[in-house]
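Q: One-letter residues, chain by chain:
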Amino acid sequence: EAGVTQSPRYAVLQEGQAVSFWCDPISGHDTLYWYQQPRDQGPQLLVYFRDEAVIDNSQLPSDRFSAVRPKGTNSTLKIQSAKQGDTATYLCASSFGGGRDEQYFGPGTRLTVL
Amino acid sequence: AQSVTQPDARVTVSEGASLQLRCKYSYFGTPYLFWYVQYPRQGLQLLLKYYPGDPVVQGVNGFEAEFSKSNSSFHLRKASVHWSDWAVYFCAVSPGTGGYKVVFGSGTRLLVSP
Numbered sequence: 001e002a003g004v005t006q007s008p009r010y011a012v013l014q015e016g017q018a019v020s021f022w023c024d025p026i027s028g029h030d031t032l033y034w035y036q037q038p039r040d041q042g043p044q045l046l047v048y049f050r051d052e053a054v055i056d057n058s059q060l061p062s063d064r065f066s067a068v069r070p071k072g073t074n075s076t077l078k079i080q081s082a083k084q085g086d087t088a089t090y091l092c093a094s095s096f097g098g099g100r101d102e103q104y105f106g107p108g109t110r111l112t113v114l
Numbered sequence: 001a002q003s004v005t006q007p008d009a010r011v012t013v014s015e016g017a018s019l020q021l022r023c024k025y026s027y028f029g030t031p032y033l034f035w036y037v038q039y040p041r042q043g044l045q046l047l048l049k050y051y052p053g054d055p056v057v058q059g060v061n062g063f064e065a066e067f068s069k070s071n072s073s074f075h076l077r078k079a080s081v082h083w084s085d086w087a088v089y090f091c092a093v094s095p096g097t098g099g100y101k102v103v104f105g106s107g108t109r110l111l112v113s114p
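Respectively, the protein sequence lines represent chains A and B.
For the first sequence, the working numbering begins at 1 and goes up steadily by one.
For the second sequence, the working numbering begins at 1 and goes up steadily by one.
Keep in mind the hints are simulated off the structure, nothing from the lab.
One thing to keep in mind: the hints can contain errors.
What the hints assert, rightly or not - Straight-line distance between alpha carbons at most 20 Å, and here's what the computed EDC-like set of lysine to aspartate or glutamate pairs gives:
id, chain 1, residue 1, chain 2, residue 2
1, B, Lys101, A, Asp56
2, B, Lys101, A, Glu102
3, B, Lys101, A, Asp101
4, B, Lys49, A, Glu102
5, B, Lys101, A, Glu52
6, B, Lys49, B, Asp85
7, B, Lys49, A, Asp101
8, B, Lys101, A, Asp51
Being a predicted model, the structure only gives us computed values, none of them experimental.
Sequences and hints are given; from them, build the entire structure.
A: Right, dumping it as structure tokens:
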């Protein structure tokens, strides 16, 4: 069984540039999560979906961040105008059945904003 | 809303010694609880999970955790630490009502000395 895949693995930007992160969850998993993990901190939830619907995006900085999962499978997280404070690893995870069940994490995308 | 506190940012243990990593949660009701591990340059992986029932939960690689409702704790233990256990350990909590949101602690970095 293929795991959660993410791309790119690394990204380096200047402030003000845009970047997109892509996630392919495990087949059949209805719930998809995006987390931001600053260096030496725990994952902090940004947004999560059940199928194609956004369940909670309250932690997403809506003026610059957006996330979609149009067909309930792959997902894209986009930062419109990156800031140095966005420097972190962005993790995607999927599960079947929501918060009761194990989340399977991808390897993450390490973003550096100069 | 639920929250998790891992009071020890870093723990050093001699190889072969026993280990306890502390986790305190805050949630009104009985939650679902998880311990994840993040090995160097790898994604998060599940060690063990607690669902309402037996308070002592067995996980992979000799890890176990004990749920205490009275202390609001879910401490992780291992009888004999191996050098390969060198990693960051995260405690996480999810609503017992079956909601989707999972909140992670800030993590404890385990260092194993020879």
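Q: Which earlier hints can't be squared with this structure?
A: The structure conflicts with no hint, since it agrees with every one listed earlier.
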